[in-house]
Amino acid sequence: MNILLLSNSAPNYFHFFNALAARFRNDGATVAVAVDSAFSRKENGLDSAGFAAVYDFSSFFVNHKVDFDILERYSGYNLNSALLSDFERAQTYGIWGNSADLDFFDRLKSALLTFFERIFEKHGTELVLYENVSNTFAHFALFVAQERRAVYIGLGASRLPGRFSVSGDPLADDSVERNFAAIRGGYKTVEPDVHRWVRDYIANIETIVPDYMKINGLERIALIKRYFRRDRLAKIKALLRHVSDSRTNSFQIGNPLRTYTSLFLRNVRRRLKAGTVRGMYQKAVAGERFLLYPMHFHPEASTSILAGTYLDEYEVIRNIAFSLPEGTRLYVKDHISAWAYPTLDFYRRIRSLPNVRLLGPHEPTKELIKSSVGVITLTSTVGYEALLLKKRVFLYGRVFYEFHKGVVPIANPANLRRMISGGLASPIGWDDQYNHDFVCAYWLSTLPGTLNLMLDRVPAAQAAEHIYRELLKAGLLHGLAAIKSAA
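Under my numbering, read the sequence shown as residues 1 to 487, first letter to last.
A couple of the hints might just be wrong.
Distance condition first, Cα-Cα at most 25 Å in a straight line; then the derived SDA-like pairs of lysine to any residue [as the list claims (entries may be wrong)]: (1) K214 - G162; (2) K273 - L344; (3) K366 - P409.
Label pairs and their computed distance ranges (CB to CB) [claimed, not checked]: (4) P192 - K42: 45 to 55 Å; (5) A182 - A222: 45 to 55 Å; (6) T189 - L344: 51 to 61 Å; (7) G162 - T189: 18 to 28 Å; (8) M454 - G50: 31 to 41 Å.
Hint data in this document are derived by calculation from the structure and do not stem from the laboratory.
Model, not experiment: these values are computed from the prediction.
We put the beta carbon where it would ideally sit given N, CA and C, even for glycine.
Take the sequences, apply the hints, and build the full model.
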């Protein structure tokens, strides 16, 4: 089996993915690595990890000339949409400054396609290994994998505790829907232990927190514990070695020193704003009729890839506020991991809208869902939880629960008032058995294990061992090449 591992500057991810790739290699696979930059190549220890080859995109990109033929060959893929995730990151973190002009984006698309095509040709790549498609680098690797009939295995957390997901194209993943149809049609049998697990899960949904929300720690705003640690000295030295780097050749990390400084200052500004933002939050009013809108974290794949048309949340919220049926409020609940990152002006504008109440991130989400007449969201987990609590969900983006009969897709925001009014007037048309079968279908679309990509080296290696065995047992590597059994 010939594997291409993707690697970039996501903090600590390399511990897990290097270890996972090593397990494949120990069982006879040949593993090459495509890395976004020379900075990540060094920080992730790729040259000493025993890979067959390491390919640095930033070194390739610096001398690349636009190949319009390759852009034409891949014109059936949504190349421009795939730029959005890293464009949003660059805008949010100030990565590119003013260095990315019109020609830069054509050159970037052309370079990424050429870069991955050459690796696939040289190594006969059969499988691309990374997290779920979450950025431009991964998205273009997916395009080339699809063109070459290779497999993309993207690992991600699920909303179910103790289970993780495996996906390829995030915009074409219908595994939950297919499993649901098979269960409802009597073509797939659900084992008794799964039924028991699902019954217990739904019975306790009001207190259950998804694994990924326990792990990221982004709700903490303290600076001293985060930055003033002895291990930060090595990071500062590494950053100083790249003080003169281009801001665009390494398009994901930019100039590492500038980017990390920008991230630090962003967190400083958040800390300074926190008290003022807390003072802007309001409270729910007992007996008030309302829709709940959960704010999202930016930048993140769940918005830039799965709801890219709706990245400006103020515009989304404003449109909802002026489309509400008479007598209905909109409760906008801030995101636990993103609160106080937006500008104070953003919060002031939200507060100024008619029919809108701005709630803090620590307000009880499940209680708000239960008290609401429904949830309106881009792709949030809150929408999924609302369905299990038998509340209507108005959905803008693409997400695994979009086929649930309780979802009203927002196909055209110009018709939002009619869709909201019609959706709220419709009776709840799904029962406990429907929700039970829905969660069973979701369970069958995931694998056992908690996926934490932030672990240090030793626990990451242990986690990689478990994930590797689950991939084998699930048969996801079947037909790619001979590989040892997990038994």
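How the hints compare with the structure:
1. K214 - G162: It holds: about 12 Å lies between the C-alpha atoms, which stays within 25 Å.
2. K273 - L344: Status holds; Cα separation ~8 Å.
3. K366 - P409: holds (22 Å)
4. P192 - K42: 45 to 55 Å: holds (51 Å)
5. A182 - A222: 45 to 55 Å: holds (48 Å)
6. T189 - L344: 51 to 61 Å: holds (55 Å)
7. G162 - T189: 18 to 28 Å: holds (22 Å)
8. M454 - G50: 31 to 41 Å: Since M454 and G50 have Cβ atoms about 23 Å apart, the given range 31 to 41 Å is violated.
The structure does not agree with numbered hint 8 stated previously, though it agrees with all others.
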